[in-house]
Every structure is written in structure tokens, then in C-alpha cells.
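Colleague: Next come the chains, spelled out residue by residue.
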Amino acid sequence: MTKRWVHSWLRFILENGRIYLFVLLLVIMGSFVSSEFLTPANLVNLLKAVALLGIVAAGMAFVTYSGHLADLSVPSIIAFSGIMTVASLPLGLVPALVIGTLSGLVVGAMNGLAVGMLGANPILWTLAVSFFMEGFMRFTWSNDQIYPSTDPGTPGSAFVQLYRLDFGPVPLIVVVMLVLFIAAHFLMKHTRLGVETRLVGSSRPAAKASGINVKKVVFLDFLLAAFAASVTGIFLASMNKLGVFYLGDGYAFEGVTAVVLGGVTLEGGEGNMPGVFGGVLVIGLLTNILNYLGMGSFYQKIVTGSVFILVVWLHHCRPHAGGSSDA
Amino acid sequence: MTQNRTRQKTVGSSTARLLLGSLLLVAALLAGCPERKTGREEMTREERLRKSRKAARKVQKMVSTDGQPLVAWGTKQDVPPRPEEPQSLPKTEKGHWWNQEYAGWKTEKVNIPESPADGAWGKEIVLIRAGDHPYWTAYMKGFKRVADAFNMDVTIYNSNWNIVLQAQQTEQAINQRPDMIIFAPVDPTSCTLLLREINRAGVPVIASNTLISNEAMKYVISWTGPDDWGQFRMLARRFADAMDKTGGYAIVRHMPGSSCFFARTYGPITTFKDYGPEMELLAMNTANLKSAQTMELVSAWLTKYGQKLDGLILPGDGFSLTGALEAVQSANREDITIVAAGSSETGLQAVKDGEVLGITYQTAEGDGALACFTAAQWLNGKDLPPVRYLPKEVITQQKVDTYLPAQW
Amino acid sequence: MHKGRITELFRGMDRHRALLMFLGAYLFLSLFAPHFFTFYNTTSLLKASSLNGIVAIGFTLIFILGELDLSVGAVVMLCGMLVPGLQPELGWAGGILCALLAGACIGLVNGLLVAKAGISSFIVTLGMMVILEGVMHIYSGGSSMSVASFGLADWLDRPLLPLLPPRVIITFALVGGASLFLQKTPLGRGFFIVGGDPEMAWRAGLNRDRYLILGFVICSVTAALGGALLAASLSSMTGDAVLATRTLMTVLAAVIIGGTPLTGGKGSVVKSYFAVLLLTTVSNGIGCFGLGFEVQMFANGVILAAVVLYEAYVIYRHNLLKGQRPHLLADLEQEQESNSRGSR
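Protein chains in written order, with this note's numbering: chain A, 1 to 327; chain B, 1001 to 1408; chain C, 2001 to 2344.
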């Protein structure tokens, strides 16, 4: 009895949360590397460091889940929403946040229209968007960075506190990340949008044939990714107390890395949000451990790249479900 | 099916016609091509020199956004003799870095053109700058002010951190045959051949902002810019004083591939060897100037070294500083001494708030202004030193108000 | 009939769009941009296109196979770094050979991981890109590498014939040779089949794995060659990783603009080269006008977006007509037209 129970649990983990085996492995490694590793303070720091990446990954996962590989315009959305928020601060904190989020959503809508409605290639379209958004931002703000006015009492001073708020021992940014992950998980598993996205990712013709409005689904997926990117942009601008066109650099590839590590395959239709969270955790844990070990950043790159390929490969090998597998 | 074939023939011939037409058009262009009007005013040599000297006096009185003099320069106190084999010395020895630190000082110049010495007024200069960044926006502001004072005709190329593009733009600049090229390199060694090309074409060239290799220094009239090594030695001494010349410190490095990667790391390390031998280097690593990565790195160090870590040296006062401060504040270690390379608004604000001990002063507007002014001086006929540094200063809380409002 | 003719004309133009856009841009800039239309500037343009042009050869091949290679930029830098790095001991020839060998090894690893381990090429090459950047930095110690010997660089850049320094001749030869290889040799043509219709390739007896591995090896070798040539022409290689990202993005955009689709099965090395020339011309021209880099970024984005949308439109039309026979449709239309004319 117990053996079968253990077996079925193992199978459940292997099929759904494989990445957590790595998380566990890394946590064990970490505890050997330093006695301070498992302290709440360190773990909170770790979560804080990857919180922004986590938010981006939560949004981008929808795009990948729907079979559209990745959204390469995420860095420019981050920068754009950040810079628009800072620029709109004179109107008040809440209006600025709204404008910032809306600016990001506008770009997301553009993506959704082109890829969803018109069928453009997602990688190339989002790449083109990142080019011309960068050009647009550089032009509009003359390649300069803009600072919010932080005199006490102004919306600017409240804005820069946004990143630094704490819910007791836990920073706001971590809470936001967790809330967004829970919401995203709910969206993905228990709403129509999530289920339809899964079908679109698994087989687009089949989805169309079963009467799903594929265009709307893809449009909404890109909007979700843009929303997550906007939130990240606002927090990044708050953290660095400025808005600038290169604010989001590096988040495209890092986001895809986290999403893919978490088990959401590039072909689409597979994976889940807890997995993506696991992917984000793996990145955070790995970097933390390597920093502890004092490994130079060049060697860290080699380790990170290799681990990435290895983990994704291991995702690929699946325990044989009884029956034939696709050729 | 016959219809099909005729259609295809039409397609083939229509495309061919298009190609032929465009080729004919290209050939027709051989008739003439637009030339840039020089638009240079005609005036006598004396008049030009008089106007140039007047402009030079005016420029030297100008003040940058932060209230500091726009055009100012310092020099190295004394240049020690070059060791026999710098590379063979250990990295913690000053001598190992001689070639980088004192680039240009003991270099033999090659084929330097003679100055026409007829004044800088109204001359045509080309600026090839390394890329876009708020620092460079301020650089351009300073540059343009001086150029306007001399009524110069300025063309600007932006290499956007791309060496291939810079090579192409160098050739375009040479093609223009300006009176002077001011060259801010993307890379300290890959610019050698480009400067050599400019030199061979007989166009005078001054390098600016980024320290170039000794080999490249042969081909330029002069180099102006921040004394990265000197500044960081100054900063290191102040840092050591604040730490009572003892304790453990860690260095966050700049981006690999830049000269700052070494200057801002080994500058302090080699200074401490003599100035603070009891200080211990606990860790050094790069975070690629990203805020989240710097935060993660410093957090890890704080947890690993705990109270052993007394000081931090940062490569910049923007994203790097923000990330480091976040980590320090989360760990309640505000007692740590922090210094950084400056000087942007974020850094100046941090110094004012007491979060940072000091930042180096690097006047972006002055960087641009000095480059342009040096060019003007050469065109006026003045002799130039091989290297000209921007003024060095460590901004601490007492002095910070004289450096506000920030340039960028 | 007129409508059909216009569509055919557009389709013909689209087939040669890279060349046409390049000529169009060149014409426009020659008329309006100062200093553009000179021998010197055109030579400079051709030289500046050589890195991306050579890398685009291998990249096009990978696209034809229906795969992606994101590590090309990192290969350019790493193998380029080997050239000045090894020059003191092995000379230029030795350094370049080592660079090519390193490229081949990297391509082999990429190919094996994709073909044998079955991992998606996006993943493999993304991971490889990060690894190679680390290796490159370790090799150069975080700095750039250079040598003070300029003989080769001078030779590469001095025109043998008007407009044609050896560097450009080498680029032309490689592009031409690759094009001939792909179109005329059975091995080359096999790439199209393997990429376009894997089942047909299997039926034809082509070993998909071998083609994949060969494709990745060629891609990395061309990237290595591009990097080596760049390093030789500058007698140095920069250590700043931004060159890798820029090369990747530009080559990706160029190959798409040139008309090679991501899905595989068709493509042309020559068209990719024209697209590279187009992008270089645009940036050269923008420099002539003295406009900022933001204009170029914006222009790049707009061109790429236009191309991507057009491709989507083509696929949309294709899907509309799927299963239909356009000739019969056209005959039907013609009949209806003549009927309605007759009835008036």
C-alpha cells in the first residue's frame, strides 16, 4: 500500500514539479556551503533579489505557454512603463502608476494585435518592437535619464518608497511576486483563458477547430506579459529612483530562462506556474550559492549556462507513461 | 496553362526591368553628386586668430551645470619610470599596471601633423563618440557650448558601443576631411588601428574620455579625459583613512572589456599595498553594473563575511550604488564604509544623505568641454601635453553642496 | 487581369526585396546624403558589412534547417579573441586556423546536443551563448586583446581593385561559394529538404542528424571566420560583450528581411547578404545626415516590423487560398465579369 502511495507521489512530482527536485538539491548544497544559508534573513534576501525576475517570468510564461516562444519586447516595456511613471509623477502617485501600467499595456496590445490578429512571427515582431520602442524612448527623452523629485511630501518621495516598503519582515516586492504567481496559477489552471491558452499552445489548428477564438486568446496572453513587465518596470524605476531607456536590459533572456527552466516548453501547452516559480528559485539559489563560494562571474556564466542546458534536457526525458510515445 | 507561362514571363521581365532601371539610375548619378558646402567664412588669418583667442578667454570663464568651472584640467604629479617587464610583476604591484595607468606619457609620437596655427574660429570638427548614455548627454552639452563659442561646424557620429560601426564612422569622418577629429573610443585597444588610419590620412586627431593603449597614443596629438587610476587612488586613500587603515573590504568591479574594469579594481588594491597594508581584500566580482545583481552580490558577501566586512568599493554611483545600498540597508549594516565612482545625481544625493562616504568627481560636461577646448588650443597654435586630465576630487558630505545640481 | 498582374509584380518584387530595398536606400542616400556617393564611402560600407555578411551565411543555413543559433555572437567574440591572443606564438595563419577549429568544435557540441540529445536549438544555443561569454572573458582576463602588428590589417583593407579590398573579396567569395554550394551541390540541396520537409528527407534517405550537426558546425565556423577576419582587420578584439548581442540581433534581422523564413525549407545566402548591406547602408546614411542613433534603431525596428507583417500577410493569403485552385477562380471571375458587361 505505502509503496504504491509513495510511487504515485513520486510520479506526481516527477511529472509536475520536477524543478523542485533541483530546488531541494540546491537548498541542500547551500546549507553545506554556509551555515547562514538557511536563515530566514538570507532566504528573504534571495527572494527579494529574484522578485522582479519572478514577476516578469510569471507574465512571460503565458506567452510561452501559448506556443509563442518568447516576448522579446519585455525589456523595452519595462523601460517604457518605468520612464512614463516617473514622467507622470507630477500628476500624483496613483495617476502616475496608472499611466505607467497603461503605457506598458499599450505596447502589449500592439504585440497582441500583430501576433494574435495578424499572425506575425512572435520572436521577430517583438524584436522589432523592442528596436523601435528603444529608438522612440531615446528620441523622446534625448538619451537622458529622468529623476522624480524626492522632496518630502511630493508623489516622487512616495514613489521611491514603493520599492522599499515592507510587510513586517517580508518586503512588498516579494509579496507582490507571490500574489502575482498565485493569481497567474489560478488564471492558468482554473479559468477559461488558461485552458484555452493551453490548447492553443498544444495545437493551434485543433484549438481553432474547436471553436476557440484563438486571436483573442493570444491577444490576452501578450497583454498579461506586458502587464507583468509594467509592474516590474514601475518597481525598477522606484528602486533606482530614475527612469531611463535601458532600465530593462537583460530581462528578455533571463525571463525566458526562468520560464523554460520551470518546465514550460517552448513548443507550448506544457508546464505550470509553480514550475515557473521553481525556475525562478533555481536561478536565485544558484547565483546565491556561487556568490557565496566566491566564484568569479565569468566562471559563474559557464556554470549557469551548463546548468540551464542540463536542467532543460532532464525536463525533456520523461518517465515512460505506459503506451507508445510520439516518434 | 499558356496563360500561366505568359504571366510568369511578364513577372520575370518586370522584375528585370526594375533592376535594369535602377542600375541605369545609378549610372546616371555619375553625372554629379552633392558635395557638402563648407560654408566657412572667409577672413584673414589675424582676424581668425583674434576671434579664437577671445573665444578661448570667454570659454575659460564658463561654468558647468553644477557650478564648477567648465574647462579645467590637472596633471599627474610625477610619472615613475617604466618597469622592465610590467606583465611579469604581480598584479598587486603598481608597476604591473604601468602601461595602462601612464598610457601616453612616455610614448613616441608618430607622424603628428603641424598645426595650421590660424585659429579655431569657424573650423570644421568631427566628434566620434562612443555611445548614448546620460553621461554622454551631459558630455555633449559641455562640448557644444565650447564649440559654439568658437563658432565651430560640428558633425557628430555615434558609434553606439559598436566597434564595427566605429570603424565605419571613422572612415566616413576621414572622408569629410575636417580640421580636427575628436575620437572617444568604444574600446581601448581596438581603436589603435582606427587612430592610425586617421593619422595616416593626415587628419589631426585628439582622443577623449576612455584611456587608450600606449600603442594608440602614438597617433594622437593628445588625450583628454578623466584620470581613472589617479581618481581611484585618491578615493582609496580617503577610504583607507575612514577605515583607520584596517579591516576587510570588498570590491564590486566594472564591466569586463572596459579600462575601468582594471582601474577601479587594481587602483585601490595597489594603493592599499603601501598605504594600508593591514587591510584585507575579502572578495571582488563584477555585477555588470546592474542593480539587482549588485544587490544579490553584496547580500551574499554580507551574509558570508558578516562583521569582517567593513568597507565596499563600487564601480559606479548609479545602478551599482542603488543595489549595494539596498543590500546594506536590508542587512542593517549602515556602519559599512562605502565609496563609489561618480558623479551622477544618485551618487551626490547618497553622499548628501550620508549613505556613502565619498564619490569621485567626474565632470561629464567638463569632459566634453576639455576635449573641444584642447582641439581649439591646438588649432590656435598652442603646444599641447600628451595627456590632459580632468580635475580630480573626492566629494564628501562637507563639499557636496558645491557640486549640486548634478550634471546628469 | 490587371489585379493579377499587380499581385504578380508585387510577388516578384518581394522575391528580390532585399536587393531592391538596398538599391533603393543607396539611391536615395546618394541623392540626398552628403559625402555618401563616393568610392571611399562605398568601400567603407562594403567593409563594414563583412562581419555580419559572413555570419549571416551560417545563420541563413541554420534557418533553412528550421533551427536557431543564438550563440553566433558569442562565437564571433571568442574565436575573434583567439586571433590576436595566439598571434605572438602561432602567427596570423595559426591564430585564424585555431579560431576556425574552435568554431567547429562549438558547432559540433551544438549540433550533438540538438540532434542527439533532442534539446530545442533555442535552449542549447542560449545556454551556449552564456557559457561562451564566460569562456571568452576568462581567456582575455576581462580585457580586450590586441597585437601591435598591423601588416595583415593593412593588407586586408587596402583595395586591390577599386571598391574591393581583400576583406570584401573574401566576403563576396564566401557568400558566392556558399550560395553555389547550397543551390548546386546535392549536399547543399539536402539542407533545404531536411529543413523544409523532414518526412520527405527521411524518405529520400537523408540522415537528418548528420545534416543538423553539419549545419551547426558550418554556422559556428562562419561565425568564427567573421570574428577572425574582424580581429585581423583591427589587430585586436574587444572584450565588451555588447558586440555579441549586436551581431546576433543584426544578423537575425537581416536574414529575416532577406526573405529566409524561420520555419525552414527555403532561403538564400545572397539575399541575406543584400539585407546586411541594406542595414549597413541605412546606418551609414543616417551618419551622413548627422542624425542620432535613435533614428537608426527606430528605422531598423520599422523595417523589420514591416517585413514581419508582410510575411504574415503572405501566409494569411496562402491559407485563404489553400485547397482552392486560383486559376479556376480567376477563370470564374473573368466569366462573371464578361457576363455582367454583356448584361448591361
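Heads up, some of the hints might be wrong.
Each computed BS3-like pair below joins lysine-lysine, with the alpha-carbon atoms no more than 30 Å apart [as the list claims (entries may be wrong)]:
1) K1058(B) to K1245(B)
2) K2322(C) to K215(A)
3) K1058(B) to K1290(B)
4) K1352(B) to K1290(B)
5) K1382(B) to K1352(B)
6) K216(A) to K2322(C)
7) K1382(B) to K1094(B)
8) K215(A) to K2266(C)
9) K1245(B) to K1218(B)
10) K1392(B) to K1352(B)
11) K2322(C) to K208(A)
12) K2266(C) to K208(A)
13) K1218(B) to K1382(B)
14) K1392(B) to K1382(B)
15) K1141(B) to K1245(B)
Output of the computed footprint for chain C on chain A, the stretches with three or more beta carbons under 8 Å from beta carbons of chain C [stated by the list, open to error]:
16) 44-53
17) 125-134
18) 138-149
19) 167-174
20) 255-261
Honestly, the hints are just simulated from the structure, not real lab data.
The beta carbon of each residue, even a glycine, is placed where N, CA and C say it ideally should be.
Colleague: Against this structure, judge whether each hint is valid.
Modeller: Hints, verified against the model:
1. K1058(B) to K1245(B): The hint is violated at about 45 Å.
2. K2322(C) to K215(A): Holds, at about 20 Å.
3. K1058(B) to K1290(B): At roughly 41 Å apart (the allowed maximum being 30 Å), K1290(B) and K1058(B) break the hint.
4. K1352(B) to K1290(B): Answer holds: K1352(B) to K1290(B) is near 23 Å, not above 30 Å.
5. K1382(B) to K1352(B): Given pair K1382(B), K1352(B) is violated - Cα atoms ~41 Å apart, limit 30 Å.
6. K216(A) to K2322(C): 23 Å, holds
7. K1382(B) to K1094(B): With Cα atoms ~33 Å apart, K1382(B) and K1094(B) exceed 30 Å; violated.
8. K215(A) to K2266(C): Distance of about 28 Å is within 30 Å: holds.
9. K1245(B) to K1218(B): Roughly 39 Å separates the two Cα atoms, so the pair is violated.
10. K1392(B) to K1352(B): 19 Å, holds
11. K2322(C) to K208(A): Holds - the C-alpha atoms of K208(A) and K2322(C) are around 16 Å apart, at most 30 Å.
12. K2266(C) to K208(A): Holds: K2266(C) and K208(A) sit about 27 Å apart, inside 30 Å.
13. K1218(B) to K1382(B): Judged against 30 Å, a Cα distance of about 19 Å means the pair holds.
14. K1392(B) to K1382(B): 24 Å, holds
15. K1141(B) to K1245(B): Violated, at about 40 Å.
16. 44-53: Contact hint for the stretch 44-53 of chain A vs chain C: violated, 0 residues under 8 Å.
17. 125-134: holds (count 9)
18. 138-149: holds (count 3)
19. 167-174: With 0 residues closer than 8 Å to chain C, the stretch 167-174 of chain A misses the three-residue bar; violated.
20. 255-261: With 3 residues close enough to chain C, the hint holds.
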